[in-house]
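Chains A and B, in that order, are what the protein sequence lines are. 1 is the number of the first residue of the first sequence in the numbering used here; add one for each residue after it. 1001 is the number of the first residue of the second sequence in the numbering used here; add one for each residue after it.
Incorrect hints may appear among the rest.
Across the chosen pairs, the derived CB separations fall in these ranges [said to hold, decoys possible]:
#: 1; chain 1: B; residue 1: K1326; chain 2: A; residue 2: Q239; range: 17 to 23 Å
#: 2; chain 1: A; residue 1: D148; chain 2: B; residue 2: L1132; range: 48 to 54 Å
#: 3; chain 1: B; residue 1: K1174; chain 2: A; residue 2: N201; range: 52 to 58 Å
To be clear, the hints were calculated from the coordinates, so they are not data collected in a lab. Even glycine gets a Cβ: it sits at the ideal position worked out from N, Cα and C.
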Amino acid sequence: MNIAVLVKQVPDTTEIKIDKETGALIRKGIPTITNPDDLTGVELALQLKETYGGNIHAFTMGPSSAKNMLRELYARGIDEATLLSDKAFAGSDTWATSHILASALKKHAFDLVIAGRQAIDGDTAQVGPQVAEFLKIPHVSYVDRVIDYNDGMLKVKKNEEHRMLTLNLPTPALITVLDEAAKPRYMNMFDIFRRSHLPLNQLTCDDLDVSLADIGIKGSPTKVKKTFNKSATQKQPKQTLNPEQAARTILDFIEAKGGQS
Amino acid sequence: MKYTDGNNCFVYIDHDEGTINQVSLELLTEAKHLMKRLKAPEKVVAIWLGTFTDDILKMLGDYGADHIITCEREDLNQYDVMKHTTVISEMIDAYHPQSMLIGGTVKGRELAPRISARVHTGLTADATQIDLDGETHHLAITRPAFGGNLYATIITPDHFPQMATIRPGVFEAKTFGHTSLPTQETFQYDKALHSPIEVMAIEEKDTKRTNIADAKLIVSAGRGVKNCLNLVSDVAAHLNGEVASSRALVDGGIMSKNHQVGQTGHTVRPSLYIACGISGAVQHTAGMDKSDTIIAINTDENAPIFDVADLGIVGDAQAILKQLQKQLDA
Ligand SMILES: Cc1cc2nc3c(=O)[nH]c(=O)nc-3n(C[C@H](O)[C@H](O)[C@H](O)COP(=O)(O)OP(=O)(O)OC[C@H]3O[C@@H](n4cnc5c(N)ncnc54)[C@H](O)[C@@H]3O)c2cc1C
Ligand SMILES: Cc1cc2nc3c(=O)[nH]c(=O)nc-3n(C[C@H](O)[C@H](O)[C@H](O)COP(=O)(O)OP(=O)(O)OC[C@H]3O[C@@H](n4cnc5c(N)ncnc54)[C@H](O)[C@@H]3O)c2cc1C
């Protein structure tokens, strides 16, 4: 089973700071991590390889600093890694990002493409399905578990709001995974030492069959008009009360607001 | 696809064998408000795939649809991402809508990106507010990113339809009391549709379907009450409410995912939200700060949850819930 895993380097969101004046993100000096859902994707790929054999190839589009992330993924056990990096890619929205990723994926024959459900920075959950459409292969989002892989058929569990679906889909296919799908293993020192020096592939715009009109800010159908922080809400007075008074206050409050009780 | 003669807003109606998902009604209402604000008002067009009835026509009209385009094929009664992408993209090619809104459910978030890639247009995820941009009257769509730490306003100036997904509960569904029924037209699509994706089994998750997105009163549990969840459910039951939770308890496997409120859970807007032992991380408040009224109980007087609360009580939630139980029983 040949697997492509899509991975994105993201800022450690809890530490993100925003320029109060401009509302722009301060990315300088912000530690980065591999998007959590993508580590799940890598782990799932490793488990599938252990069972069904094959090759795992990770792809990321991003700045050259994303090489560090790919090296870490080598240490985790992937077989090949490709960085798509070019000034012309900067500012791509999900449509353009997916278009670029799909053009790189098209150069290979994969049975399965695994994307994370959602990146914790852009938060759109759109790239996986869009890549599948550009590759003209079926996809299932919100995959909670891969049950098995037989005769080119993949059986997965999809997690919807109120129900779990068991779905069969023929490969090649794409899935987007939830963090329930696999629990990333710990890396051992030996692998970090031995594998993180493996060579990385690097592709630029010229290596791909994409037109400048379809990538970067210019090729992105969506434009970010402005960014801002949510205005701080007004503080309400807080009350420190003993439990009995507190319960009474709450019930009085509910009654005053419309009498649910 | 480029804009040609489109003059309407498509709203995808998400339904399960005819049972309409509430979020689609919320979107019809919001689309109606939006279209009214345009200089040259446009039509709200509901998109219906599958078997259609007069009751559905009336209901969609009540919530804001001016016109309904149906593709009444039995093989569309059940959602399938491949078939639905094909039919909806064909409809877009045929009618050139200005904009299209899709509920941000699991289905919608799977389907909308696929459509946007096929018809080559922009898609804004998880809109929380939709405005009209200056003179151009493009949709200016505001959404949270970075786990709710940042908001961005996004426009799709040169591609159509301008697409957005919207989570359940972000907008309110309201009836307009129409005097006439919406008009209806059939989109003839006769080609064979097949999907390689086969549904093998469906399991309902909970015996009792939690639907916190529609609940009027929610008692929500955070890590601070993880040892007294029975008290939380008991008080919720006394108040005829539903139990919800923060992600901390979902990650901990104590509550199921469909109870989760917040950025990566449900967006709720009940009349009353009681947050017990929840710190109030922005990812949590992003999903509940539109509640009409919020009560917060927390031992830490500096907990950020108090910033969004209408009534803040500093104290031990367990003891207070016990008292509530007692006083409600009395
Ligand atoms: C504030 C803000 C708001 C935005 N809003 C929108 C919007 O509404 N619509 C829109 O189209 N764009 C939007 N963008 C742009 C969008 O964030 C980027 O296009 C981003 O590169 C991909 O989107 P995402 O982070 O949401 O990824 P998601 O779609 O959430 O990512 C899902 C999965 O796709 C894969 N993936 C995503 N990006 C990459 C990558 N670079 N390399 C390899 N794999 C990847 C990963 O497996 C990931 O887990 C916004 C950007 C900002 C800064
Ligand atoms: C990308 C991303 C998405 C996320 N999405 C969500 C989401 O959708 N929903 C969500 O909820 N979170 C989400 N989170 C997680 C969020 O950041 C917080 O970690 C989470 O909400 C914390 O849950 P909590 O308030 O229950 O726990 P904690 O932060 O641990 O807070 C527990 C609170 O209980 C109080 N407490 C303790 N004992 C008592 C007592 N006896 N009585 C009263 N109070 C007590 C404490 O003072 C504290 O304030 C997300 C995070 C990220 C990075």
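We went through each hint and held it up to the structure:
1. Restraint check, K1326 (chain B) to Q239 (chain A): a C-beta distance of roughly 20 Å satisfies the suggested window 17 to 23 Å.
2. Checked against the hint of 48 to 54 Å, the C-beta distance between D148 (chain A) and L1132 (chain B) comes to roughly 50 Å, which is consistent with it.
3. At roughly 54 Å, the beta carbons of K1174 (chain B) and N201 (chain A) sit within the given window of 52 to 58 Å.
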